Amino acid sequence: MSTKIGIYICECGPNIADNINIDEVIERISSSEDYKNKQLIIKPYKLLCSNEGKEYLEKEIKDNELTHLVIAACSPRDHEITFINICKKTKLNPYLYKMVNIREQCAWMIPDKKKATEKAISYIKAAINRVLHQSVLIEKQLDSNPNVLVIGGGITGMETALSLASKQRRVYLVEKNSILGGNAQSFKNLLPRQENNTDLVAKKITAIQENENIEVFTDSKLENAVGFFGNFEVTVKSTKKDQTANEFVVGAIVLATGFALMPTEKLKKHAYGKDDNVYTALEIEQMMKAKGKIVLKSGKEPKSVGLIHCVGREDRGYCSRICCNYMLKIISYLKDQSDTILIKDFYKDLCLPHKYDQEYFDTMAKKKVDFIRISDITTKKTHITYTEVNGSKKEADLDMIILAPAMVPAEGTEELAELLNVPLHPTKFFQEAHSQLNPIGTSLEGIYIAGGCHGPQGISESVLQAKAVQGKIVTQLIPGEKIIPEVKVSEIIPDFCMGCQTCREVCCYGAITFDPERGICVVNEAICRGCGNCVGSCPSGAIRAKHFTTIQIHQEMKEAIS
Amino acid sequence: MESNGKEKFTPKIVGYLCNWCTYAAADLAGSSKLEIAPNLTVIRVMCSSRIDFNLVLTTFFNGADGILIGGCHPGDCHYDKGNYYTRRRYAMLKSVFKTLKIDPERLQLAWISASEGNRYADVVNSFTEKIKKLGPNPLNENPYY
Amino acid sequence: MSNSNNVLIIGAGIAGMQASLMLAKAGKKVVLVEKLPIIGGNTIKNEESFPNLECSTCMVAPVQQDVLQNDNIEVMTLSEVKAVNGQVGNFTVTINKKARYVSLTECIGCGACYEPCPVSLQNEWEENLGKKKAIYVPCDGSLPNVPAINSGHCLRLSGKKSCNACAEACMFGAINFSDKDEQVKIEVGAIIIATGFDLYGGKLLSAFGYGTLPNVYTSMEFERLYASNGPTSGELLLRKGKKLPDSVAIVHCIGRKELGYCSGVCCMYSFKYAHFIKDKLPEATVYNIYSDICVPNKSYQSFYNKIKDSNSTFIFQSAPDIVQIAGNNGKLQVKLTAGKGSKNSLNVDMVILSCALVPAKTSKELADILGIERDRKGFFQTRKGYIGTVQTSVDGIFTVGCAEGPKDIEDSVIQAESAVGEVFSLLG
Amino acid sequence: MKKIQTKGVKISSNKDYRDSIVDILKKMLQSKSVDAVLVPMRVPAKDSYAWILVKDEKLLTEADPAAPIMPIQGARALSSFSRKGQSMLKIAALMRPCEIRATIELSKLNQVNLENVTLISYDCPGALPMEDYLNDPEKGEKKFNDILKKLDFQNKSIKPVCKICDQFSLLPVSDLHFTLFHDQNNTMFLIANSNRGNLVLKEIGMEASHTVSAWANGIQEIKDKRAAQKKGRFTQIKKMVEGFNSLLATFSDCIGCHNCQSACPICYCRQCYFDSESVTSGTDLTMLKAKKRGSISLPQNRIMFQVGRMSHMSLSCVSCGLCTDACPVSIPVAEIFSYVAHNTQKQFSYSSGENKGEPIPLKTFKLEEVKGIQELVEDAEA
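Protein chains in written order, with this note's numbering: chain V, 1 to 562; chain U, 1 to 145; chain W, 1 to 428; chain G, 1 to 382.
FYI, nobody ran anything at the bench for these hints, they're computed from the structure. Remember, predicted model here, so these are calculated numbers, not experimental data. Check the hints yourself; a few may be wrong.
[As the list claims (entries may be wrong)] Cut-off 35 Å, straight-line C-alpha distance, at most; resulting in silico cross-link-like pairs (DSBU-like, lysine-lysine): (1) W:Lys-335 with V:Lys-348; (2) G:Lys-223 with U:Lys-98; (3) W:Lys-377 with W:Lys-35; (4) V:Lys-488 with G:Lys-108; (5) V:Lys-428 with G:Lys-366; (6) G:Lys-292 with U:Lys-101.
[Said to hold, decoys possible] Okay, the calculated bits of chain U under chain V, using three or more residues with CB under 8 Å as the criterion: (7) 23–31; (8) 36–42; (9) 53–67; (10) 85–96.
[Said to hold, decoys possible] Over 12 Å on every C-beta distance to chain V, these chain U residues come out as not near it, computed from the model: (11) Pro-104; (12) Glu-105; (13) Arg-119; (14) Lys-133; (15) Gly-135; (16) Asn-142.
C-beta atoms are modelled at their ideal positions from N, C-alpha and C, and glycine is treated no differently.
Next comes chain V alone, as it looks inside the complex (with noise of 0.2 Å):
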């Protein structure tokens, strides 16, 4: 059927209409020698995006039977989704139209009517070129499997599986130990701002056994995962002798592995042994949880304690957010075991954010602990030395030492972003997709992150992170609904790859893979993001960016420098 193009010219009350002689626009086009033999309707209309406007819009698309059309009106950020939904409405092809923007850029930007009225020409021209060279694009509706992957049986990874699973969503959770609980099950006591839940663990656990729509892999890890948001087939293995492996396929997978404290036997700093009374505030935990409490090696009571706050932070360049609290944990159970105990605590700053955090500092420091802000510190097995904020240099003797380590990611963690192609941020915990607009995601789409292995944090935070996981997957991951990925996107000529995969390497997305037997690289329609940073990196110009072909873009330069 013959090109019918529709170009539709909106005053926008006076704002185009002042600055931008309409009819000499109309006049000039539909007269010009270019389009001789092109049918052409050339309209002006008083305000397209009013309700008025659109029906207008609608029945002109369905009367004259338009092929394509041109919208010269204001700002495609503003109403280019208006005029596609339009198109949604009749037979024309959303993606066989263009929106030129004649308002902020002609009207308003340049004073003068008659140079304002010649680029609005050029630009409509520009755009009935470009909107001639533009191709159909199909929406795709890709099918979803609601199920979901978490990968670590710590609280954060528990909290989420209870929060999705039900009746639609089956949850998987593997755990590499042999069983749940993580790192939170080894503490005896929680913040006071967490209102002694001593048996949160046990409780999240046993929730887990009984319920028929999570399945639990103790014992394995993740053998390979692939595929994209919604379809991601996946292998799981157990590390048993036996190494049986099941495969499934899930919608959405959900990282909490969790943390670790940082060996601190490799600081310079803190030279000691294995013997000497110093142990990590999780081994003084998990000492509280076994005996009820603290005490030395030989079994006698501590009558002195050294705590050292900011183990390990200048190496690994960040504060671990929660040890103060902690710390001021382990103080009260000092306390409660004996008030004569002498505790000496060595802290750089006091990091507490959280808003009863100030409150629960002084309560402890009203007790008789000597808090000592110092600049810096060094141990030789149970013997400090150590130089105050004010310069001063002192040295102390106690009889036991307990000190508050980095926390760094779970050991495991580079190996998972390695086989999911997750970034890593540089203090090697997951990289999230944007820290302020998406702090729970990836770049990969689909892939969550939560708990220890996102950052330095205490069990509130994690937990609070695991229902967001749950917000956004439910939300994004609907059962029975479609997934629809951005239609925009590139695709690879395979006869003019050379499989050099520049392409590959430079994609921030992962969304381009190698194909060894053709060799050449293929786009995933399905992560593609559209942004064409593939199609800028390939020499030979193999990468078509849909909707952005250099041929389209040619045509609106053409225009520019004629």
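Got chain V sorted already, so can you dock chains U, W and G onto it with the hints?
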């Protein structure tokens, strides 16, 4: 054959603007009614990293007097690290033009964020002035090219 | 649960917008109530947000556009919740919608009506550093880009004079002086409170010379000074004396002792200001008067290290908020408690008070309306006996972001997303 | 830059250099340390050379390791069969240093698979221009043998781009290296420069026990002389290409045949962007350009093709000179491209084919490089 005098020369400048930041700054400049030279024609692309040096070369050799690439500030890119690649491609092309001394000033890369309407106006107006001083693209005047 | 598909969200800041977008995209009907004429909350007040110094407009404007263009979200600006009764799954909410006097559908934000308006007022959105007309939008790039008329000061609406300047300038007949306040009743299944924070300030800062000494600024005032769409379009102009400051002192922990909590974000935004000042005025000397460096996120310490290396001096004070500030012929003298070897006073041109985050003024009234408890600091109290929840003492009502306590944007958005999770567990 | 090995295997000096190299290659085949050897050989018509992959040891005798001319770039020969994947055969490739550097660049672009490939280089005295050789192959042969015998690294008849080559000897990336340098009793050494090189040495029963420092100092002297010649030549090239008119004049003879593109080892694209549909301007644009300028020379875009190829090559060019050889109107393309590449690679502090690990600058970025590239663009960037 030389075009007589610079004042009749109206530069034709092509501006490849990234949709999320610089194009938004252009809109803001428009809505704040800032006066901007009409010589620059805006071509909207989803990310400045879409513009490869092949496209810049074809634009330059087809007779554009100036080419402006507008992108988000490093770290602001909507597609994570696109603008870092843009900078390196641009720097490479700039180095070739500098070595060949074929008016490297006609190429310009500018980081303009969505809230910098007046910075967009300054960049475009100063770039247009510079191209006016530079004169037309030498290609447009050489009959034997 | 009859209307389990509707959710009310109070406050259109970054947390409120994020929650409404997620719920709307999953098919829920959201009513987003905001007391100001525009959406965006406190986040759009700052030019760049820490730690990546990403421009706020680039980050938040697409979110605002999404909220305004989403059919499932009904945005009610200039509105406040007056009464709530019923229980989870069945709340009936009465909302007072103040008249805007400008039609949201007819007006296309061309701004022709601002200039002719004869009335000039203090623009409190710009912390009174800038002026606005009786018919106004708080700042350039406001969304929705539709002005409102301040009926108290408009000559016609306050009955002083029959002025018609703006209506004549408007070619769209979008201005309607007979617009009335109205009361709307809606039925919702759940309520999310995202009313944000206010800054510790006002009379409480008089001890630091704020209000009497012109070149003492609060942190929010400095944000608006630095904003490119702000009253001075980004120039750090001093209120009195010389045009640009050569030396600036940033005093941390203002209000920490009196309120009894550290807000967790003031260190980071103070470092941001040190960076801004060095960026705009490279020769200026910047003093950060701090006690604890509170950088509770994996990305924050590296930002602090960058500032420390970029030669702005850090002065330790055991309690920064007891410094005295006095005028000293045009300059400001900041008296410090002299530690060993450290200076005991500074002479600077400008002082920025990094104030703590306090509960929004409306918190008390809103808590009574909703019947929920507030904690001893005045923020909304999350449910007792639960860890990491955003549920309040009343089923079906959640509190997210700085309404629940001072926190950065990342934690506010995480709480907003977790509230959406809990809403779905509750209403399905 | 990896430390150059200071020990080498002494090889008997009575034979002609090429025969000694062929003996070593034979030993490699016999000892099964390699399954095939890629080496140039004189064509039966005796007027050119071709690359052959030799599996049968007897045929190796006809091989001519140091060929006088470079009709096909070694890297292009190697990539032609090893692009599609790792070869099961162990291959030894005996190539000039610039061919080895081109191979490394191609391996970074996945056009060559270096698994099971042993790269053997030798001190290259340069190659003769194709044009001169083809006029009189016999004379060319005699001249090159003379150069080889006298090891005259400063001979005037070699290719112009070879005269200014300062990377003609052992490279950090080559596994084995034959030294062809004059010392008192003009002995030749074989140096192993990587684990694979040591392995092959062991398999062919050779022991690197002699110091080669005399050779190293000699080579350094020639390198310094060549570097000076290069600086001098670049100032002349600068005049040839600087400014639009001189660029036009230099390339005015260009007939747009794109021979230089097909000869170049690094031009691996199947269809060059500058031949593609999106570049050819239709009648309307051509008429417009003609109207503006008064006339337009056809075929169009020849200068754009040259500047375009210069941009693509400016990071990977190894100055091997094949483009000038291939140019029917003998434009000094190689020297111009080397000059442009020299400047751009300096800007990115990258040198092509230098080490395997270093990625090609356009494929990567550094987070904190806001300053680095800033200077280059400071004059333009507002």
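Hints, one by one, checked against the model:
no.	hint	result
1	W:Lys-335 with V:Lys-348	holds (24 Å)
2	G:Lys-223 with U:Lys-98	holds (28 Å)
3	W:Lys-377 with W:Lys-35	holds (23 Å)
4	V:Lys-488 with G:Lys-108	holds (30 Å)
5	V:Lys-428 with G:Lys-366	holds (17 Å)
6	G:Lys-292 with U:Lys-101	holds (23 Å)
7	23–31	holds (count 7)
8	36–42	holds (count 4)
9	53–67	holds (count 7)
10	85–96	holds (count 3)
11	Pro-104	holds (19 Å)
12	Glu-105	holds (18 Å)
13	Arg-119	holds (15 Å)
14	Lys-133	holds (19 Å)
15	Gly-135	holds (16 Å)
16	Asn-142	holds (16 Å)
The structure agrees with every numbered hint stated previously.
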